[in-house]
Amino acid sequence: MTAATRDGVILEVRDLVKHFPVGGGLFSGPQAMVRAVNGVSFTIRKGETLGLVGESGCGKTTTGRCILQLERPTSGSVVFEGRDLTTMDAPELRKVRRTIQVIFQDPYSSLNPRMTVGQIVAEPMAVHGLVTDAVKRQARVRELLGRVGLLPQHAARYPHELSGGQRQRVGIARALAMEPSLIVCDEPVSALDVSIQAQIINLLEDLQAEFGLTYLFVAHDLAVVRHISDRVAVMYLGKIVELAPRKELYDEPLHPYTRALLSAVPIPDPELEMRREHIVLKGEVPSPLKPPPGCVFHPRCPVAIDRCSMEVPPLREVKPGHWAACLLA
Amino acid sequence: MAVNPAIERVTDLEEVPRRSRGQAAVADFCRRRPLGAIAAAAILLMVAVALAAPLIAPYDPVAVNFGAMLDAPSAAHWLGTDSFGRDVLSRLIHGSRTALLVGFGSSILSATLGALLGVASAYFGGRVDLYLQRVMDIFLSFPLIILALALVTILGNALPNLITAIMIPMIPRCALVIRSSALSIREMPYVDAARAAGFGHGRIILRHMLPNVMAPYLIMVTAFLGQAILLEASLSFLGLGVQEPIPAWGLMLRGAAVEFAEAAPWMAIFPGLAISLAVFAFNLFGDSLRDALDPRLRTQ
Chain A
1 MTAATRDGVI LEVRDLVKHF PVGGGLFSGP QAMVRAVNGV SFTIRKGETL
51 GLVGESGCGK TTTGRCILQL ERPTSGSVVF EGRDLTTMDA PELRKVRRTI
101 QVIFQDPYSS LNPRMTVGQI VAEPMAVHGL VTDAVKRQAR VRELLGRVGL
151 LPQHAARYPH ELSGGQRQRV GIARALAMEP SLIVCDEPVS ALDVSIQAQI
201 INLLEDLQAE FGLTYLFVAH DLAVVRHISD RVAVMYLGKI VELAPRKELY
251 DEPLHPYTRA LLSAVPIPDP ELEMRREHIV LKGEVPSPLK PPPGCVFHPR
301 CPVAIDRCSM EVPPLREVKP GHWAACLLA
Chain B
330 MAVNPAIERV TDLEEVPRRS RGQAAVADFC RRRPLGAIAA AAILLMVAVA
380 LAAPLIAPYD PVAVNFGAML DAPSAAHWLG TDSFGRDVLS RLIHGSRTAL
430 LVGFGSSILS ATLGALLGVA SAYFGGRVDL YLQRVMDIFL SFPLIILALA
480 LVTILGNALP NLITAIMIPM IPRCALVIRS SALSIREMPY VDAARAAGFG
530 HGRIILRHML PNVMAPYLIM VTAFLGQAIL LEASLSFLGL GVQEPIPAWG
580 LMLRGAAVEF AEAAPWMAIF PGLAISLAVF AFNLFGDSLR DALDPRLRTQ
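Protein chains in written order, with the working numbering: chain A, 1 to 329; chain B, 330 to 629.
Derived by calculation from the structure, the hints in this document are not laboratory data.
There's no promise every hint is true.
[What the hints assert, rightly or not] Okay, the calculated bits of chain B under chain A, using three or more residues with CB under 8 Å as the criterion:
#1 512-519
#2 523-531
#3 537-543
Think of the CB as a built atom: it goes at the ideal place given N, C-alpha and C, for glycine as much as any other residue.
Isolated chain B (complex conformation) (with noise of 0.2 Å):
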């Protein structure tokens, strides 16, 4: 063999037994993380709780009473119930199955398109880049609520609309964090290697760059899951996102505070709480999932 066969130490290619990174990777955050690790926690039982709705609520969240409405907290009914005799905690575990659906649909859905359009927009440049971020910024001049509403107004309030009302002001904001972490892995040698390869502008941007802007992508995810939460429930509780008899915690906050909030405070105390905490836990799982994966990105 004419050919030096100047092969690198090679002794390290035994297959040790590693962990996968995975798994170390989640182990290392919750040693660093404890609040994180809590919020976490937080989070699966509450995708448990939403899962097994049927199988654990007490009550049919829909089936009216009128033997027992209003009544307080008891043994039969642990929350009490509502005006119509439902159950406030079966509908409590009801409700989150929507806030879990809106929130994970609506983040999901735009940071997916907001990376899309934020790749897109560092890798083509130019003129492109220009046009697109101008249209961004239109969008984020609008509170989110406000555009939220305009849209659900114009579309109705089906679920899949209220989904799609809520995503669409969340999209250039996503975008506008992706495109900075974007413009710095269009610079890197791959992408230059990749386009010296030949490779088309659609391969580049999904294979090549798309995947190193994951970090960015998660962060976004989890911080828009509560802010959709959220933003559910005001819509619902303005009357203008999920309609009765479907279990939503802005909804049965809103039959509640006006009306009964002196006579019936459980109405109004336990589903505010579930808010609160399902947005406290997203927030904070969010933020520290943010510390782990981009510390540079702490300021946004």
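So that you can see chain A by itself, here it is in the shape it has in the complex (with noise of 0.2 Å):
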């Protein structure tokens, strides 16, 4: 389209930060702020899928918000086929989110409790005038869940009547009813057992796939993310540490932090397991509260030395398309 598309590059997060006010009056001001998610840049391109990992509490999920404008970032901008959504007008943001869509982790909360799977998947399409004849819609209701591996007569099902992972594969309809170009899937799978998690899995690639969507793919299960991702962003209280294609990261990770994730999965394969380097990290994750100057990670690195309390490293490709935020690297 423009410049801003090159490369296909539909998405580029640039320097996004997001601070939660804590504490504060109605005449104080606020008392500390929470740095949730503090200068995360990268980019999406165009039928890619993008994974995001990272523990709890590290800014993944806030940043897919920020993403979606569910949360309006404290600064830096999301810009989504060339233009910056964080500064747009309400009117025009309602017609763009059609595009981004979202897939919640919890399958139980994520639908309207008091409406049918028909009309939770008819309504945006409604809405947003994509299919205006209601028998129309009705057909494309049902074709859309067969698409999910669901049955038309679902369609007059309430979500109580359905099991974890019939109700993803209804927010999956609900969200590719809108005809998306890029998906926000936050931890898509973390709620479902293990079985149905693989079943969703191959749901979202073969939809992939089909409609050449594009992944934001949130999640703190390494293996699901190794599974799904083309290239693979590992976060760290507020901030991108590693970056890099899917291969890469897992065979070489560059950043400590990484190699400390990676040597928690365990192997299954108890002789391997036994004789494995384990890097087991010390203390706690800081309070994002007050995150520690200088590298975040350097408190708990096994390799930090004095200039990693001082210097903020920046994120910087050490290998061609291999990002890393670490000194050392």
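Got two chains here, separate frames each, mind docking them using the hints?
Okay, here's the thing in structure tokens:
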């Protein structure tokens, strides 16, 4: 389209910051700031899947919500198909929202309990005028339900009558109904049984191939991310510490945090598991209320040097396509 | 087909004849809350009596009969007559229409408006929420009856005005309760999903949030019913409510209590009983409904 969509980049996040004020009353300002996301930048190309991993509280979900504009970022920009969402006014944003959809973690609370599956899937089509004829809309609902592995009869059901996996499929059908180009998957399988997880992941992959979808796949499960992602970004305490193509990240991690994370994944072979080296991090994740100076990871880093506590390591391209935020990388 | 057709077990899809959710809920309510069920039956009886008033009332409630003034209860006049010779039973029966009309009218209106305000307040949050809540606080600082008295004085005492006067003081009470439920609904992912889908504020509030505060809404309606009936009776008793010769329980009490308490006690006892029983039934039903629908609201 324009220069902004060069190299097929569909989404560009630049220096994204989201701080949540804590405390403070009617007259006093906030007492402190939770620095949930602290300067995150990445791009996603059309048709690829970017995995975003990190432990709880590292800001990965908030990053997703900022892209969806469910949270207004404190600063930074989210450029989608060449247009900055953060500066858009409400009516304009409403139109763009159709093309960026979301699949939530909890299939139990992400569907309105007072609406039938059919209504849930049909509503966005009616609102956005995608299918204006009510009869055709019903047909489209049945088609979408079939596409995600449900039956047409499910349209008359209420969410509480479905299983977790079935509900997640409804959530996917709802997202697909808007014919989006980017879907933010916010831990879409964490709440499901392992057997169902595989089904949902395969479904997401099939849909990606069929509709040319782009995914931002937020998760904490490294195995799942490895399976579905083209590239993977690792977050720690509101920052991206490493970003690389999947294979490189899993085979040759450059950042000590990524290495520790990967070494925590058990190998399903007791002999190997006994012999291999484990990196056990000391201490707890520091509070995002008061992130440490310098490299945010230095207090727990096994290889930290003095400079690490003073200098903030920039996310730099260590090898082509492989970015890491570590002074020693 | 390249796609994995991983359809989960579909055996449950045969259309098993199921009892509707409504029927099951009613049966469950009756079994678990017998007192509430009795109260509900009393309310239904009251509604039936009010609807069929002209058919079952033995006399015209406004017909004056100077030949039968202050008659004690007898076979002809089961509950006696008043100082104008009007049949007390007939006036009670017709009075239930006034009570229920004002009761249902003002409680449903106030709960609905309160729910809208409460949900909107919770949904928009921030400044809108802050200012709305402070306005509510001002209204809440007045006792119900004082505010209703002031309003009825300003508006006049035709029946619609009476309903308005009783409704307005109850709105903030409802808005407060609904707001607290709506605050948790607002954080639900399905509301996020609706926002992410680009739906308008109105649609999110009306379609996605309001239906999910139905439980507290119904509780507020039933809780206000008894209060509204009592308030209407009080206003009528004070002479600011329903006017003669319209039959109303509070009005019957007003005429009777002062002059004829000793000479014709039936004139005061029966309307008083009617008010007490009606309010008692509505409150009992409201309490049971609250316990059944939302145990968390018990302390309010």
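Each hint, compared with the structure:
{"no.": "1", "hint": "512-519", "in the structure": "holds (count 3)"}
{"no.": "2", "hint": "523-531", "in the structure": "holds (count 7)"}
{"no.": "3", "hint": "537-543", "in the structure": "holds (count 4)"}
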